[in-house]
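Q: One letter stands for each residue in the lines below.
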Amino acid sequence: MADSTQRFNRALHRYAIFVACCTLTLLIAGALVTSNQAALSVPDWPLSYGSLTPPMVGGIVYEHTHRMIAAVVGLLTIVLAVWLWRSDERRWVRWLGLAAVAAVVAQGVLGGLTVLLNLRYGMPVAHACLGQIFFGTVIGLALFTSRWWRSELARTEDHGRPSIQAIALLNAGVVFLQVVFGAAFRHKDISIVPHLIGAVAVLATTVWTALALRRRFASAGALDTARVMLHSVVGVQFLLGIGAYWSRIATASAPQPMPVMVTLTVTHTVVGALTFACAIAVVLLCYRLVPKGREEAREHNPAPAAIS
Amino acid sequence: MNIKTAVILGALAVLAVGAASCGKKAAPGNPGEPAAQPVNPATAGAIIGTVKLEGPAPKRQIINMREDPACAASHPQGVLDDQIIADASGDLANVIVYVKEGLGNRVFPAPQKALTIDQRGCVYVPHVAALMVGQTLQVLNSDPTVHNVHAEAQKNPESNTVQLAGGAPIEMKFDHAEVGIQLRCDVHPWMKCYLGVFWNPYFQVTGPNGSFELKDLPPGTYTIEAWHEKYGTVSQQVTLGRKETKTVEFAFGTGGAGS
Chain A
276 MADSTQRFNR
286 ALHRYAIFVA
296 CCTLTLLIAG
306 ALVTSNQAAL
316 SVPDWPLSYG
326 SLTPPMVGGI
336 VYEHTHRMIA
346 AVVGLLTIVL
356 AVWLWRSDER
366 RWVRWLGLAA
376 VAAVVAQGVL
386 GGLTVLLNLR
396 YGMPVAHACL
406 GQIFFGTVIG
416 LALFTSRWWR
426 SELARTEDHG
436 RPSIQAIALL
446 NAGVVFLQVV
456 FGAAFRHKDI
466 SIVPHLIGAV
476 AVLATTVWTA
486 LALRRRFASA
496 GALDTARVML
506 HSVVGVQFLL
516 GIGAYWSRIA
526 TASAPQPMPV
536 MVTLTVTHTV
546 VGALTFACAI
556 AVVLLCYRLV
566 PKGREEAREH
576 NPAPAAIS
Chain V
1203 MNIKTAVILG
1213 ALAVLAVGAA
1223 SCGKKAAPGN
1233 PGEPAAQPVN
1243 PATAGAIIGT
1253 VKLEGPAPKR
1263 QIINMREDPA
1273 CAASHPQGVL
1283 DDQIIADASG
1293 DLANVIVYVK
1303 EGLGNRVFPA
1313 PQKALTIDQR
1323 GCVYVPHVAA
1333 LMVGQTLQVL
1343 NSDPTVHNVH
1353 AEAQKNPESN
1363 TVQLAGGAPI
1373 EMKFDHAEVG
1383 IQLRCDVHPW
1393 MKCYLGVFWN
1403 PYFQVTGPNG
1413 SFELKDLPPG
1423 TYTIEAWHEK
1433 YGTVSQQVTL
1443 GRKETKTVEF
1453 AFGTGGAGS
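Read top to bottom, the protein sequences are chains A and V. Numbers in my numbering are just positions in the first sequence, counted from 1, shifted up by 275. Numbers in my numbering are just positions in the second sequence, counted from 1, shifted up by 1202.
Just so you know, not all the hints are guaranteed correct.
[Stated by the list, open to error] For lysine-lysine, the following DSS-like pairs were computed, each having C-alpha atoms within a straight-line distance of at most 25 Å: (1) 1375/V to 1357/V; (2) 1261/V to 1417/V; (3) 1302/V to 1448/V; (4) 1432/V to 463/A; (5) 463/A to 1302/V; (6) 1315/V to 1261/V.
[Said to hold, decoys possible] Chain V side only, calculated, beta carbon under 10 Å to chain A, not exhaustive: (7) 1267; (8) 1277; (9) 1310; (10) 1342; (11) 1348; (12) 1354; (13) 1361; (14) 1382; (15) 1391; (16) 1392; (17) 1394.
I should point out that these hints are in silico values taken from the structure, not numbers from a laboratory. We treat Cβ as the ideally placed atom computed from N, Cα and C, and that holds for glycine.
Work out the full structure, taking the sequences as your base and the hints as a guide.
A: This is the structure we're talking about:
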């Protein structure tokens, strides 16, 4: 582990954080496209009105800006993957970098198909969900390249059942399902009902996760921080959800997307991505800081020494 | 004639009858029935009337066009949205009134003349229009800015085409009858136009006074429908005698489809 800490690359870590921040910007840009009903304002792809510099008016501003940021994020991700491949000694991190590249390329293709197929066949929902998975991946890469992750960390036994990893995974799964329901509602594939039920489910799993973290790992600083972040972001997201839905109803008769509706729905969408990223981070922290299963058994019941 | 020859001739006869049946254009609504008589002007009548809105009309909202300076410049005083237009008497404009049933399997040729819709001042002119199956729809761009012409339909194919400022007219045809096809511009999200496409020529879009006239209708019993983009569809049965003119009134409630 000491060797791992010495291999910490500050520049690489900062670059990974930069890519994560740019990805968040991309998510904001994408949410603005949807909320402003601009997804089909540029009917052609990959060029925009046959060029890289279309007339920047109306909805074209949102759609073309989203495409340009996406291209930049794609390039940044490739650079990150190459840098990881050349400098990180951990094979799984190098492959995760390549997975991020595959995801961002797939995102680009999905985005193009979304436009070319006129938002049909579930493309917008697939594009929205893969975007969140990609964001979770780059968040993970930022975490894995940190000095903290590479350092020797005290691990705390888990005396509860089910395991904290299982609870955290369930929470992350429920949050992602809520992301899917939200995207499907936003793109008019389903009613609001599944998303409302999902909100209650997310609240339930978040409370369970937070309680388990608090009761079992009150003294573990990082897990305590993760607990506070998780229920804070979920609480904010729940309130934003109420606001976003109210804004939709209040402006339903408006002839165009109104600023209050755009602001609240975009914020709700982006905080949704942060909620998912936070849930992923809790899972990663639980695996990093809490021994699990066989690992625990080996520590308490080491194999007998060979008889010479 | 031997058996083999008889079988071959019989099979050919069956194929010939089948081919003749396929070649006959089945009239919409009642395929397989004998073709109805054409419309006789000596006995044709008319259905006239008005479409009303019950209750106060919602206040029209001002459209914000600041995201495209060319659009904003075309309306220095601002422009009101045209979703619900009703006068003080409740006369409702932009309602498509049409014959839904009652014409049997009569076939009506589509007009050669195209229906023209213009994008002028970053709004569609007219806001609601109707045409026949197979008739050409021509969309013009009279604005000094770009539009995309996005036709979103349920029964007809969807299309989305760029139209630059001063660009050539975009032409399209619809192969299936459908009411409520939305034509919109995603560059300017307030721009929406609604279309009704019909197999027959008996349709009209109400003007500011809410009135309509469906003339040259043969005697018969008809289902007449009125469609509005916000209030949905209402229908009535009307029986028309020889050279008779009947007056009907449609009403939409502000809470939804009316009586």
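Q: Residue 1267/V was flagged as interface toward chain A. Is the shortest Cβ-Cβ separation under 10 Å?
A: 9 Å, holds
Q: Is it true that the CA of residue 1302/V sits at most 25 Å from the CA of residue 1448/V?
A: Holds, at about 17 Å.
Q: Using Cβ atoms only, decide whether residue 1310/V comes closer than 10 Å to chain A, and label the hint accordingly.
A: Result: violated, 31 Å to nearest chain A Cβ.
Q: Does residue 463/A pair with residue 1302/V here, judged by a C-alpha cut-off of 25 Å?
A: Between residue 463/A and residue 1302/V the Cα gap is close to 29 Å, so the pair fails against 25 Å, i.e. violated.
Q: Can residue 1361/V be said to touch chain A, with a Cβ gap under 10 Å?
A: Holds: closest Cβ of chain A sits about 8 Å from residue 1361/V, inside 10 Å.
Q: Holds or violated: is the Cβ of residue 1354/V closer than 10 Å to a Cβ in chain A?
A: 8 Å, holds
Q: Does residue 1391/V pass the interface hint, meaning its C-beta sits closer than 10 Å to a C-beta of chain A?
A: 4 Å, holds
Q: So if I understand the rule, the pair passes when the alpha-carbon distance is 25 Å or less; does residue 1315/V with residue 1261/V pass?
A: Given pair residue 1315/V, residue 1261/V is violated - Cα atoms ~37 Å apart, limit 25 Å.
Q: Does residue 1375/V pair with residue 1357/V here, judged by a C-alpha cut-off of 25 Å?
A: 13 Å, holds
Q: Grab the minimum C-beta distance from residue 1394/V to chain A and call the hint holds if it beats 10 Å, violated otherwise.
A: OK, holds: residue 1394/V within 10 Å of chain A, min 8 Å.
Q: Restraint: residue 1392/V near chain A, CB-CB cut 10 Å. Satisfied or not?
A: 4 Å, holds
Q: Tell me if the interface restraint on residue 1277/V is satisfied: Cβ within less than 10 Å of some Cβ in chain A.
A: 13 Å, violated
When held up to the earlier numbered hints, the structure conflicts with 2, 5, 6, 8, 9, 10 and 14 and fits the remainder.
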